[in-house]
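**Student:** Each chain, letter by letter, is given below.
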Amino acid sequence: MTCQRPRCEGSEEILRGITSEQFEDNTPSPDLFEGDEVSVNRLKIMSREKSIIVIRHNTVNSIPACYIFTVTELVNWTQEYVSKNTDLKRRGFTVWVEEAPTEKNEELNQLANPAHAEIEPKITLGLSKHLINCLSKLSKLSLCGDG
Amino acid sequence: MQITYFPMQSSMLPAFARVPLQQAEIRRLSVSDIIRAAESIVVSSNDGAQPLDSATILRQFLGQKGYSRLLTLKESKQGWNHGKGEPLHEGSLKACLNLANKLTSLASRVKLRIYLSENGGLNLVWDNAMGETKMIRCMPNQYLVFNEELGLEKHFALTDAYAVLLATGLAPLSLA
Numbered sequence: 001m002t003c004q005r006p007r008c009e010g011s012e013e014i015l016r017g018i019t020s021e022q023f024e025d026n027t028p029s030p031d032l033f034e035g036d037e038v039s040v041n042r043l044k045i046m047s048r049e050k051s052i053i054v055i056r057h058n059t060v061n062s063i064p065a066c067y068i069f070t071v072t073e074l075v076n077w078t079q080e081y082v083s084k085n086t087d088l089k090r091r092g093f094t095v096w097v098e099e100a101p102t103e104k105n106e107e108l109n110q111l112a113n114p115a116h117a118e119i120e121p122k123i124t125l126g127l128s129k130h131l132i133n134c135l136s137k138l139s140k141l142s143l144c145g146d147g
Numbered sequence: 001m002q003i004t005y006f007p008m009q010s011s012m013l014p015a016f017a018r019v020p021l022q023q024a025e026i027r028r029l030s031v032s033d034i035i036r037a038a039e040s041i042v043v044s045s046n047d048g049a050q051p052l053d054s055a056t057i058l059r060q061f062l063g064q065k066g067y068s069r070l071l072t073l074k075e076s077k078q079g080w081n082h083g084k085g086e087p088l089h090e091g092s093l094k095a096c097l098n099l100a101n102k103l104t105s106l107a108s109r110v111k112l113r114i115y116l117s118e119n120g121g122l123n124l125v126w127d128n129a130m131g132e133t134k135m136i137r138c139m140p141n142q143y144l145v146f147n148e149e150l151g152l153e154k155h156f157a158l159t160d161a162y163a164v165l166l167a168t169g170l171a172p173l174s175l176a
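Just so you know, the sequences run in chain order A and B.
The working numbering applies: residue 1 is where the first sequence begins, and numbers increase by one.
The working numbering applies: residue 1 is where the second sequence begins, and numbers increase by one.
These aren't lab readings, by the way, just hints derived from the structure by calculation.
Be aware that one or more of the hints could be misleading.
As the list claims (entries may be wrong) - So, partial list: chain B residues that the calculated Cβ filter (under 7 Å) puts toward chain A:
1) T56
2) Y115
3) N123
Said to hold, decoys possible - Residues of chain B clear of chain A, computed beta-carbon distances all greater than 10 Å:
4) D53
5) Q64
6) Y67
7) K77
8) K94
9) A107
10) L116
11) N128
12) A129
13) M130
For every residue, glycine included, the Cβ atom is placed at its ideal position computed from N, Cα and C.
If we strip away everything but chain B, and leave its shape as in the complex, we get:
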């Protein structure tokens, strides 16, 4: 597959992604990290192949283990969390798919764990090389990103999937 990656101008990013990440992420990225991350980001594909179906895209994004876990979580019923807890919301899956359209494989980048959140969201969780927990919560109307190092919970619109990847160190930051 031929991949085209368009670097973003930092001025195109939301303020949250711009300021702290320039400080927090640049120092950790090696050249090979940047190349690997850039290769995993599909902005446009011109190989003429048929578009992939949602299940295939999610399986690539979450890995086989993660996809199996997702199917299990889809079976959870109302009240799964000590009488509270909503089932996995269809909109949360769409938000996850939206991320998968920006990053072909999260599972190949991190040791992914997947949990259901009480409000029917999907928590994508991993520990970075420094042992700090990173989390993206996919919800029907937004993303929540938890950064343990900075002690921050930040919300992003569904249209800001790339900023979510930046905020969790999954996408290279353009130096332009």
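For reference, chain A alone in the conformation it holds in the complex:
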């Protein structure tokens, strides 16, 4: 995406809701972070509890768990992975988080989510798995009550 959106500061805590499709046996799918514009919520704008409610409502889905981490942690873990990956290293790959608030959409029955943000750019499957490993080592997984 080329439009200029503000970037979240490194110290900001963000939450990644994990849908039931990506969660089994208390373990997230390796591709949880894979792809473009991965959705997260900014906890300085909206609490963890409210974020889960909004995500659950807007995705019409159960959210059995979530990860909470800072933007700086995301960037540092990515750099760890990039340092061992020749192609990404050559490209000077790095990640950031862009603010991407969404408005209420009555037609789609969606609540406003002013805390919505997106991880940029596209994340590979290998990096996604590395991020999950880093989060798991630090016991960052938090259960949200959905089965």
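Following the hints, put chain B in place on chain A, whose structure we already have.
**Tutor:** This is chain B only, laid out in the frame that chain A set:
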């Protein structure tokens, strides 16, 4: 059931399956592993039984828990992944069935977890004895194999189901 297993010549395999797997997998296979794996691979069956229906084949392949999980994932709607996310694609199921025709029971070999991928693919995931994650993504037009140990993502044609099993350490490598 009488099983006939035809060992493949390594020259019949794609280059990816041939070179790294000879290095990566041979050292881990015990004789009993090879016998067990060979017994689970159905290349031809001559017991004259009626062919199994797709649901039965998938239930054997994924185990009862895995099959129940599959039925749940089939209910997922467009947008399940934070507004993105496609429903499970029928072609992904066919790709999974294609694997099941080569390996009767994946669930009896590994502690299987099953996830939906954003593009409507089916992720079959497990951890090997060394704690490394292995994944086969079944998609309508191909397979994607993720090997954490080698840090590799490799794509295979649907006709290369046996190579997919080799690449994930599920099939014995012929030493011929």
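**Student:** Run every hint past the structure and note whether it holds.
**Tutor:** Against the structure, the hints come out as follows:
no.: 1; hint: T56; in the structure: 23 Å, violated
no.: 2; hint: Y115; in the structure: 4 Å, holds
no.: 3; hint: N123; in the structure: 6 Å, holds
no.: 4; hint: D53; in the structure: 25 Å, holds
no.: 5; hint: Q64; in the structure: 14 Å, holds
no.: 6; hint: Y67; in the structure: 13 Å, holds
no.: 7; hint: K77; in the structure: 7 Å, violated
no.: 8; hint: K94; in the structure: 20 Å, holds
no.: 9; hint: A107; in the structure: 13 Å, holds
no.: 10; hint: L116; in the structure: 4 Å, violated
no.: 11; hint: N128; in the structure: 13 Å, holds
no.: 12; hint: A129; in the structure: 17 Å, holds
no.: 13; hint: M130; in the structure: 14 Å, holds
Hint check: violations occur at hints 1, 7, 10; the rest are consistent with the structure.
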